[in-house]
Amino acid sequence: MRRSLILGGVAVLAFPTAALAADGGAGGWIGPFAVIAAGIGMAIAAGLCGLGQGRAVASAVDAMARQPGAAARIQTAMIIGLALIESLAIYTLVIALILLFVKGIQFS
Amino acid sequence: MDAIEHPPIFRLPGIPDHVTYTWLVMVILAAVTFAASRNLQLVPRGLQNFLEVVLEQFMQMIDDVMGHEGRRYLPLIATLGLFILTANLMSLVPGFAGPTGNLNTTGACAIVVFVAYHWIGVRKQGVLAYLKHFAGPVPLPLKPLMFVIELISHLARPLSLTLRLFGNMVGGHILLAVIFLLMGLDGLIGWALSGSVVGAVVGGIGGVITIVFTVGFLYPLKILVAFLQAFIFVMLTMLYISGAIEEAEHHAEHH
Numbered sequence: 001m002r003r004s005l006i007l008g009g010v011a012v013l014a015f016p017t018a019a020l021a022a023d024g025g026a027g028g029w030i031g032p033f034a035v036i037a038a039g040i041g042m043a044i045a046a047g048l049c050g051l052g053q054g055r056a057v058a059s060a061v062d063a064m065a066r067q068p069g070a071a072a073r074i075q076t077a078m079i080i081g082l083a084l085i086e087s088l089a090i091y092t093l094v095i096a097l098i099l100l101f102v103k104g105i106q107f108s
Numbered sequence: 109m110d111a112i113e114h115p116p117i118f119r120l121p122g123i124p125d126h127v128t129y130t131w132l133v134m135v136i137l138a139a140v141t142f143a144a145s146r147n148l149q150l151v152p153r154g155l156q157n158f159l160e161v162v163l164e165q166f167m168q169m170i171d172d173v174m175g176h177e178g179r180r181y182l183p184l185i186a187t188l189g190l191f192i193l194t195a196n197l198m199s200l201v202p203g204f205a206g207p208t209g210n211l212n213t214t215g216a217c218a219i220v221v222f223v224a225y226h227w228i229g230v231r232k233q234g235v236l237a238y239l240k241h242f243a244g245p246v247p248l249p250l251k252p253l254m255f256v257i258e259l260i261s262h263l264a265r266p267l268s269l270t271l272r273l274f275g276n277m278v279g280g281h282i283l284l285a286v287i288f289l290l291m292g293l294d295g296l297i298g299w300a301l302s303g304s305v306v307g308a309v310v311g312g313i314g315g316v317i318t319i320v321f322t323v324g325f326l327y328p329l330k331i332l333v334a335f336l337q338a339f340i341f342v343m344l345t346m347l348y349i350s351g352a353i354e355e356a357e358h359h360a361e362h363h
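As they're listed, the protein sequences go chains A and B.
Counted the way the numbering used here counts, the first sequence spans residues 1 to 108.
Counted the way the numbering used here counts, the second sequence spans residues 109 to 363.
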């Protein structure tokens, strides 16, 4: 198991260099890793953002069920809070978009 | 992003798409408001009635968040809200580009908000008192630290406003573009029309499922996001302005 992981890592490290060296290497080895990083980063961000928003919505619904009279104000506060939590995932989305679409990033 | 998103059908040569469609939003808003306010009546009907309802909603929100004196800032807030809402909804029309799907448009809106609420705060209580309030109610040795932290947090506000609106809109656009790519003539429907039996069955069923999913779920979700992001932008603007005003009142109480 472990050996295959290491072999896979070596293959990933070795393969893009070999592949891109053949056709001129626009972006070098950073390109494939940028795609992998965008995917993994977006997955982590979306999952943790979902956890945080779930906690926020759970508390808000609990409070609304206890005090239906204050439901409108709680809902407004909840929406603002959700937007602030969501913006953290949006930052990761922007980073992922930069990694995916901005050509010519060169970390030499 | 032109690789997966189709460029809009109407483009002016030499002018970026988001600028063209910002002008379109401006023309639409100006025409609607001009038509509604051309002959004002005491008992409103039709378009005038609709726009009065919209503005009353804005006023209701301002009263809830900022109190009664916040009505002075209705022009700024309502203009931002209507512009962003129209731009968000325009990006859902097939063949049009969304002005808020570009970092420049959202950045311009956020910079307007940033300058406006600082200007309102400075007008309200003077430059020195406003700057002094950045340090906050902490003991004197901690004041420089608090000042720097507050400065960074204020500088982060336009950044977060920009990136939130931009990221939400562009994320939705890319999602729709990928779904359309999977659904279209290069994807499932193309497979269904290609003539093979397996393609006709699998591609046909998958195509119908994706069409129902898109029309029934994704588009309503995008419309909801368009309203929600305009609401949040306006709400945060009101919170920032009311922060700048309330600091003035709070300051006046102590001295």
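Among the hints, erroneous ones may be present.
Simulated restraints, written as ranges between beta carbons of each label pair [stated by the list, open to error]:
hint	chain 1	residue 1	chain 2	residue 2	range
1	B	216	A	48	39 to 45 Å
2	B	261	A	48	18 to 24 Å
3	A	84	B	147	43 to 49 Å
4	B	244	A	79	37 to 43 Å
5	A	56	B	161	28 to 34 Å
These aren't lab readings, by the way, just hints derived from the structure by calculation.
Bear in mind the structure is a predicted one, so any value in this text is a computation, not a measurement.
Just so you know, even glycine gets a beta-carbon here, dropped at the ideal spot from N, CA and C.
Results of checking the hints against the structure:
Taking the beta carbon of each, residue 216 of chain B and residue 48 of chain A are about 31 Å apart, not inside 39 to 45 Å as hinted. At about 22 Å, the CB distance of residue 261 of chain B to residue 48 of chain A agrees with the hint of 18 to 24 Å. At about 44 Å, the CB distance of residue 84 of chain A to residue 147 of chain B agrees with the hint of 43 to 49 Å. Distance hint check: the CB atoms of residue 244 of chain B and residue 79 of chain A are about 27 Å apart, inconsistent with the given range 37 to 43 Å.
Restraint check, residue 56 of chain A to residue 161 of chain B: a C-beta distance of roughly 31 Å satisfies the suggested window 28 to 34 Å.
When the structure is compared with the earlier hints, violations turn up for hints 1 and 4 and for no others.
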